[in-house]
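Model the full assembly from the supplied sequences, consistent with the hints where possible.
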Amino acid sequence: MANAIEASRLDVGYGGRQTAVKVLAGLDLTVAAGSFLSILGPSGCGKSTLLRVVADLLDPLGGTISVLGDTPHAVRSRRDVGFVFQDSTLLPWRTVRDNVRLPLGVGQGSLTRKIEDRSDELLELMGLAGFGERLPHQLSGGQRQRVAIARALLGQPKLLLMDEPFGALDEITRDRLNDELLALWRRTGTTILFVTHSIAEATYLGERVIVLAANPGRLIKDQDMRPFKQDGNRCSREDPAVIAAMAGLRGALEQAS
Amino acid sequence: MRQAPLPPALGIALPVLGAASILLTWQFLLPWLGVPAYIVPTPTAIFGVFRKSLALFLGNLWPTLIEALAGFVIGNLAGVLLAVVFVHSRVLQAAYFPIVLFFNTIPILALSPIIILIFGLGMTPKIVIAAVICFFPTLVNMIRGLDSASDNEHELFRVLSATRREVFWSLRLPRALPMLFSSLRIASATAVIGAIVGEWIGSDKGLGALIIQASFNYQSDRLYAAIVLSSSLSIALFAIVVLVERRVIKY
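As they're listed, the protein sequences go chains A and B. Residues in the first sequence are numbered consecutively from 1, following the working numbering. Residues in the second sequence are numbered consecutively from 1001, following the working numbering.
Some hints here could point you the wrong way.
As the list claims (entries may be wrong) - Quick list of in silico lysine to aspartate or glutamate cross-link-like pairs, EDC-like style, CA-CA up to 20 Å:
(1) K22(A) / D56(A)
(2) K158(A) / E1155(B)
(3) K158(A) / D170(A)
(4) K158(A) / E180(A)
(5) K158(A) / E121(A)
(6) K221(A) / D28(A)
(7) K1250(B) / D98(A)
(8) K114(A) / E1166(B)
(9) K22(A) / D11(A)
(10) K158(A) / E171(A)
(11) K1250(B) / D11(A)
(12) K114(A) / D98(A)
Source of the hints: derived by calculation from the structure; they are not laboratory data. Bear in mind that the values here come from a model prediction, so they are computed numbers and not experimental data.
Shown next as structure tokens:
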């Protein structure tokens, strides 16, 4: 199958072209369609920046990037990309259901395909049936993040970008959401790029884990996790091979920071 | 350490008791201390003159009410509209916001004679003064409110390819409402002040004119009654704003 993302010699920075502070420098990255990629790295390594370039929120300074075989802009216009932020970014004045429905209300002008209102189905899928009429402040942090995921899935995106989505949650909730996310990924076949600070989370979720180093951001480790994965992409944290892989990633991270 | 909150019954009873204690002290202690009635009339005397001259008070309440309300609506509407323009055009904001800022530093009492010079002696200058006084806090709060959506919220709308219009109606405006209402609450009191100040300077109608006449004629019971009525007007406007706010902002 084609690649979901092909980036070559990608330079990204903030500020003008001449004076820019480079956040990513000469990044080469290929992500297979339908795969689950975890991205690890110290603060300031450009993990979030990479997601923002893919989502067409930020223009690269140099290099090329193609997303789903097209430009990031075309992919965003087609609504083929969903984004989940670290804070759930729910609109506090809208009910849970109306938050999930936000993609129906805005940005329809440029859209050629019709998006169906699957809010009930998605709320049920995320274990939020019966919460539709609540307001966001009446939910727990984990529930709010589930709503954010449901909203990102409403347009049936081919690519889901997640920027430390579970970073602010307690460990029990985080583990539960990790399992739910894996189930979701298997069901939908969506390509997922998942940024996290946690090695355990990155290895548990990802078919592949990459480590970026900071100043400037570049790829320093690329770990294939598929050999260790059994039923449904899960891997055992007691498996010596997994422990060795995690140690390798930790070493790379220490070297990166 | 923070104190524990009062039980709900006391939360209602205590303010009532507090007000009653002040009124009782005013009613009995001040005359007993020999404070003359032409300086501080007793609450019963104020209530008495209010009953006796009800038609006079209501006749003067109407103009002030209309001026304050019209000024409130016009001033806040102008503030909101200019804020919308400024938020969408950084160039206009950079060019004209400092001038608005300078304008706001002119004391309203200094500005009022000019406004009356321009608009004459009818209701219009009072409405303009009330509007000017409401305008500035609403403009500043509304600019801040319209800009208060987070970066992530703006990115969310961009991922969805939302138009500027959609970002305005679905994100900026709802985000700005809490700040708009906090300036509307302030404006509910200042609009009445503006109308009364305008009436002081040039009018024979309205609560402001009544206050001036009563103080020139040493009719202190009438003066105090007019003050109570002006304050009731502000409170009524404030209450309306709070009621609307509760219906609009549910989170």
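Quick rundown of the hints versus the structure:
1. K22(A) / D56(A): Within the cut-off at roughly 18 Å; holds.
2. K158(A) / E1155(B): Holds - the C-alpha atoms of E1155(B) and K158(A) are around 19 Å apart, at most 20 Å.
3. K158(A) / D170(A): violated (29 Å)
4. K158(A) / E180(A): holds (18 Å)
5. K158(A) / E121(A): holds (18 Å)
6. K221(A) / D28(A): holds (12 Å)
7. K1250(B) / D98(A): holds (14 Å)
8. K114(A) / E1166(B): holds (18 Å)
9. K22(A) / D11(A): The hint holds at about 7 Å.
10. K158(A) / E171(A): Roughly 28 Å between the alpha carbons, so the hint for K158(A) and E171(A) is violated.
11. K1250(B) / D11(A): violated (45 Å)
12. K114(A) / D98(A): Answer holds: K114(A) to D98(A) is near 18 Å, not above 20 Å.
The structure fails hints 3, 10, 11 (numbered hints given earlier, in ascending order).
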